[in-house]
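Visitor: Produce the entire structure from the sequences given, and follow the hints as far as they go.
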Amino acid sequence: MPRFRNSACKLPIAFSMQMGDILVLSLISVFFSTALGSPLSRDLAPHESLASVPNGYTSNGPAPADSMLNLRFNLAAGNISGLQSILYEISTPGNANYGNHLTRDELAAYVKPTSQAVSLLHNWILSHNLTGTSASFTGDILEVSLPVSKANSLLDADFQLYTAHASGRQAIRAVSYSIPAALKGHLDNIHPTVNFPVFPSSTSSTGPVPSVPSSKSSSSLPASCNTVITPKCIQDLYGIPPTLATQSSNKLFVSGLLGQYANQADITTFLEIFRPDLASNTSFAFISVANGTNPQNVSEAGVEADLDMQYTIGLASGVPVTFVSVGPNLTEITSLDDFFIALQNEANYLLSLETPPTVLTSSYSLNEGYVTRSLAK
1 MPRFRNSACK
11 LPIAFSMQMG
21 DILVLSLISV
31 FFSTALGSPL
41 SRDLAPHESL
51 ASVPNGYTSN
61 GPAPADSMLN
71 LRFNLAAGNI
81 SGLQSILYEI
91 STPGNANYGN
101 HLTRDELAAY
111 VKPTSQAVSL
121 LHNWILSHNL
131 TGTSASFTGD
141 ILEVSLPVSK
151 ANSLLDADFQ
161 LYTAHASGRQ
171 AIRAVSYSIP
181 AALKGHLDNI
191 HPTVNFPVFP
201 SSTSSTGPVP
211 SVPSSKSSSS
221 LPASCNTVIT
231 PKCIQDLYGI
241 PPTLATQSSN
251 KLFVSGLLGQ
261 YANQADITTF
271 LEIFRPDLAS
281 NTSFAFISVA
291 NGTNPQNVSE
301 AGVEADLDMQ
311 YTIGLASGVP
321 VTFVSVGPNL
331 TEITSLDDFF
341 IALQNEANYL
351 LSLETPPTVL
361 TSSYSLNEGY
371 VTRSLAK
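The UniProt record's numbering puts the first residue of the sequence shown at 1, with every later residue one more than the last.
Incorrect hints may have been included.
Under the rule of at most 25 Å between Cα atoms (straight-line distance), these lysine-lysine pairs were calculated in the DSS-like manner [to be verified]:
(1) 377 to 112
(2) 112 to 184
(3) 251 to 232
(4) 184 to 377
(5) 184 to 150
Simulated from the structure, these hints should not be mistaken for laboratory data.
Guide: If you want it as structure tokens, here you go:
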């Protein structure tokens, strides 16, 4: 427990102390320490835990005490029930609010944490001589950099170094941690702690295309659609018109996470083969979030990003498409926290926009066993 220091606790001593005086001063010292010390530092309660280490990971023992962690303290939304209610209304046909999407500031009013939550969190962090940086538009995320030794004492945790069997890569995690009881209900979670990292797939892939079983709903499609799904197959199956879109205000964003990059040359080749009716030089806009990049070396093109962009441009005929590359990039990732961090970075960016995109498409996923209920929410 850190020792609370305050100039108000200093007592002037201008007399010769006897044993009784020392006892009295000791009691006074205890009183001041108790009165001024932060109860948040003493009253910890279990917050999140795992029943066991996730499959595919093995502990290598305690993490080095001086290893640095960048923890994100995620405060609860101030009015989550109100947000859920209005979102149901907005998305329910026939409701008076149907289609009346929230503005940035209206959404922020629901999401921003209560002043009590912010105060409790900051007081707790300060009582351990730590400082944090706001990492979101609404002020619900506080990022704190601290060594493992400090994190262990702050959270009553046991951070260890874990190795992923499949890749040999390592991550620092705990299987449980605690927070001040007073923060219960105000603090959703702290990451990275008990959520184990998701390692991205390779940026290239080879092998035969798996066959797609036919179904009654697709019986009228060309036989080739049973083997390879092309834009034409999807257009026929879902009735998507091949003509150019006419709504000029439409904006379509495509997520690029974990070092997945979209290659313009690949898109051009794709359009030449599968959408010859579209201009093969159809390009896309680019937005960098949290230092995301989009190198154009073919060797760095990502399977996921290329697929997403090719089919988005190939199906949303004439709709302006923007590729959103979100950091951390693959080369920056060490412990790969960072599927979660990347998702959060992207969400924070979108929440900051006064005019968000009409549609965001994101095709990334992970095994439920790697994420706690709190972070999933």
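Visitor: Compare the distance between the alpha carbons of residue 251 and residue 232 with 25 Å, and conclude whether the hinted pair is satisfied.
Guide: Given pair residue 251, residue 232 holds - Cα atoms ~23 Å apart, limit 25 Å.
Visitor: Starting from residue 184, check that the Cα of residue 377 is at most 25 Å away, please.
Guide: Satisfied, since the Cα-Cα distance of roughly 16 Å is no more than 25 Å.
Visitor: Verify the proposed pairing of residue 112 with residue 184, using a straight-line Cα cut of 25 Å.
Guide: Holds. Residue 112 to residue 184 sits at ~17 Å (cutoff 25 Å).
Visitor: Given the hinted pair residue 377 and residue 112, is their Cα-Cα distance within 25 Å?
Guide: holds, 16 Å
Visitor: Could you grab the alpha-carbon distance between residue 184 and residue 150 and see if it respects the 25 Å cut-off?
Guide: holds, 21 Å
Violation of the numbered hints given earlier is absent; every hint is satisfied by the structure.
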